Amino acid sequence: MGKVENRLFMAELALPAVFSAPSGIEFKFDLVRVSGGLAYISGHGPIDGAKPLMQGKVGTDLTAEQGTEAARLTALSIIASLKQELGDLDRVTRWVKVLGMVNCAPGFSATPGVINGFSDLIIELWGPDRGAHARSAIGVAELPFDIPVEVEAIVEVDQEAQ
Amino acid sequence: MGKVENRLFMAELALPAVFSAPSGIEFKFDLVRVSGGLAYISGHGPIDGAKPLMQGKVGTDLTAEQGTEAARLTALSIIASLKQELGDLDRVTRWVKVLGMVNCAPGFSATPGVINGFSDLIIELWGPDRGAHARSAIGVAELPFDIPVEVEAIVEVDQEAQ
Amino acid sequence: MGKVENRLFMAELALPAVFSAPSGIEFKFDLVRVSGGLAYISGHGPIDGAKPLMQGKVGTDLTAEQGTEAARLTALSIIASLKQELGDLDRVTRWVKVLGMVNCAPGFSATPGVINGFSDLIIELWGPDRGAHARSAIGVAELPFDIPVEVEAIVEVDQEAQ
Numbered sequence: 183m184g185k186v187e188n189r190l191f192m193a194e195l196a197l198p199a200v201f202s203a204p205s206g207i208e209f210k211f212d213l214v215r216v217s218g219g220l221a222y223i224s225g226h227g228p229i230d231g232a233k234p235l236m237q238g239k240v241g242t243d244l245t246a247e248q249g250t251e252a253a254r255l256t257a258l259s260i261i262a263s264l265k266q267e268l269g270d271l272d273r274v275t276r277w278v279k280v281l282g283m284v285n286c287a288p289g290f291s292a293t294p295g296v297i298n299g300f301s302d303l304i305i306e307l308w309g310p311d312r313g314a315h316a317r318s319a320i321g322v323a324e325l326p327f328d329i330p331v332e333v334e335a336i337v338e339v340d341q342e343a344q
Numbered sequence: 183m184g185k186v187e188n189r190l191f192m193a194e195l196a197l198p199a200v201f202s203a204p205s206g207i208e209f210k211f212d213l214v215r216v217s218g219g220l221a222y223i224s225g226h227g228p229i230d231g232a233k234p235l236m237q238g239k240v241g242t243d244l245t246a247e248q249g250t251e252a253a254r255l256t257a258l259s260i261i262a263s264l265k266q267e268l269g270d271l272d273r274v275t276r277w278v279k280v281l282g283m284v285n286c287a288p289g290f291s292a293t294p295g296v297i298n299g300f301s302d303l304i305i306e307l308w309g310p311d312r313g314a315h316a317r318s319a320i321g322v323a324e325l326p327f328d329i330p331v332e333v334e335a336i337v338e339v340d341q342e343a344q
Numbered sequence: 183m184g185k186v187e188n189r190l191f192m193a194e195l196a197l198p199a200v201f202s203a204p205s206g207i208e209f210k211f212d213l214v215r216v217s218g219g220l221a222y223i224s225g226h227g228p229i230d231g232a233k234p235l236m237q238g239k240v241g242t243d244l245t246a247e248q249g250t251e252a253a254r255l256t257a258l259s260i261i262a263s264l265k266q267e268l269g270d271l272d273r274v275t276r277w278v279k280v281l282g283m284v285n286c287a288p289g290f291s292a293t294p295g296v297i298n299g300f301s302d303l304i305i306e307l308w309g310p311d312r313g314a315h316a317r318s319a320i321g322v323a324e325l326p327f328d329i330p331v332e333v334e335a336i337v338e339v340d341q342e343a344q
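Chains as they are written, first to last, in my numbering: chain A, 183 to 344; chain B, 183 to 344; chain C, 183 to 344.
Bear in mind the hints are in silico, worked out from the structure with no lab data behind them. Mixed in with the good hints, there may be bad ones.
The list makes no distinction among identical chains, and a pair is therefore deemed to hold if it is satisfied within one copy or across any two copies.
[Stated by the list, open to error] The list that follows gives simulated cross-link-like pairs (lysine to aspartate or glutamate, DMTMM-like), each with its CA atoms no further than 25 Å apart:
#1 233 x 187
#2 233 x 243
#3 233 x 302
#4 265 x 311
#5 185 x 311
#6 265 x 247
#7 265 x 243
#8 185 x 340
This one's a predicted model, so the numbers in the text were calculated from it and none came from an experiment.
Extracted from the complex, chain A is given alone in its bound form:
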C-alpha cells in the first residue's frame, strides 16, 4: 500500500465510486488528462459515482460548514479519479494549482473557508510540501447538478512509474 493510500486508511476515509455520467448520458470529457508531466483534473464535486452527495447553494440551502464538508467530499472524488487514472496515488508527486468554485447564494463571500475543506485534506494526505498548492476560491452563479462546490486541479505526476 502506498503512502497516500495508507494515510487514507489510517484516517478511515473511504473513496466514493468514480465520478460517472447519469444513466443514459455520456461524458464528453476525460476525468483526468495527462500532458507533459502534469495531470489536468476535470471539475469534480461531492459525488459518489453519478449521485451528488450534497446539493444547493452555500449561504441559503447549506451553511458554510456544510460547504466545507462538500469541498472535503470533492477532494475524495478527485482522489478516486486519480487512483483510477494513475493506479498508485503516490504517483501524484506534487500538487500545483487548485481552482475552487462555490455555488454561492447572493451575498455569501466566505469562499476561502469553504475551499479549505479541500485544501486541508490534500495537505493532510500528501503532507505540507507535496500537498501545497496555489489556489483561487471564487463564487460562481451555477454549478452542474446544483452541486455546492466544484474543484478542478493540476498536479505533477511521476511518469517513470507508468
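Starting from the structure of chain A, add chains B and C where the hints point.
Then chains B and C, alone, in the frame of chain A:
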C-alpha cells in the same frame, strides 16, 4: 490540406473571422499564447470577428439547445484563432484542458449539456484520442459583450513544425 | 536594480505588503507555486497585506473606472508576491495566461475593460513581448472579502537564476 481542415471541409463548416476588438478598441491580450509546447487559448465566444453571433443568458434569453449551438460556434472561433496562430491546425496534436463558462440565468444548472456543443465538435474534428480533454463546465454571472458561452483551453502544439 | 523594478521605480509605483491572512486565520494555499518552469499564481485582489483596498460589486458599489483601478492594484499585489517568491522580478521572463474575475453587479458585462487595468500595467512593466498573455475576463457571482476583482495567472520563470 491537413486532416483537421479536411474534416472541417467535409462537414461543410466555415470558420468565422478571427476574434477581434470592436472598432476603436484595442485588445490588451493575445488570442493564443504558446509556452513550453502548450498553447494557452484566451476566452472566446460565439463571435465572427468583432460581432457576437448570439447574446443573452441561457435559461431565459436562450434555450439550452441554443446554448449548445453557442458553444459549437465558440469552438469554431477558437479554431480560427488557432489557425491564424499556428498556420496548420494539425499542429494541435492533442487537446488538454477546457474551461467552459455559461452565462446562466438564475436556476439554470445544465451547463455540461451546453458545453458539450464545444466538446463534441473538437472530438469530431480531432478524433477521440487527440480531441479528448479534461473539462469544467460552470455557470458564471456575466460574460463580456453578454455572450452566452465563453471557453478557454489548453492544447499541445507541435513545435518542430514552426 | 532589475529592469522591472526600475520601471516600477520610474513609474513611482510602490508595492503593497504581501497578501496575508487576516489575524487568527491561516492560509491553506501558497501565493505562488512553481512547477516545471512555470509559476502558478493564486488568486489575488486589490489588497495591502490582509487589508482590502477596495470592496464591492462593479456596476453598483463601484464604477467601471474604479474596477479598472482595482485590477491595477491587483497587479501590484501579484507583483509583490512574485518578488517575495522569486527575489528578482526579472526572473519572470514571460507572462503566459491570466484569468481575470470581476465581482459583477447584475447586468454589468464590461469585464474586459476592467481587467485591462491589470493587463496594461503588466505590459507597461514587462514590455509588449514578455508581458503579453492569453486572458479571459469574466463576471463571477462572489469574491472573497467582497473584493471587486480577483486575478490568477501563469508566468514563465527563469530557473537557472535560483
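Hint check:
no.	hint	verdict
1	233 x 187	within (24 Å within a copy, 40 Å between copies)
2	233 x 243	within (18 Å within a copy, 30 Å between copies)
3	233 x 302	both (24 Å within a copy, 24 Å between copies)
4	265 x 311	both (20 Å within a copy, 21 Å between copies)
5	185 x 311	within (14 Å within a copy, 32 Å between copies)
6	265 x 247	neither (27 Å within a copy, 35 Å between copies)
7	265 x 243	neither (32 Å within a copy, 42 Å between copies)
8	185 x 340	within (15 Å within a copy, 33 Å between copies)
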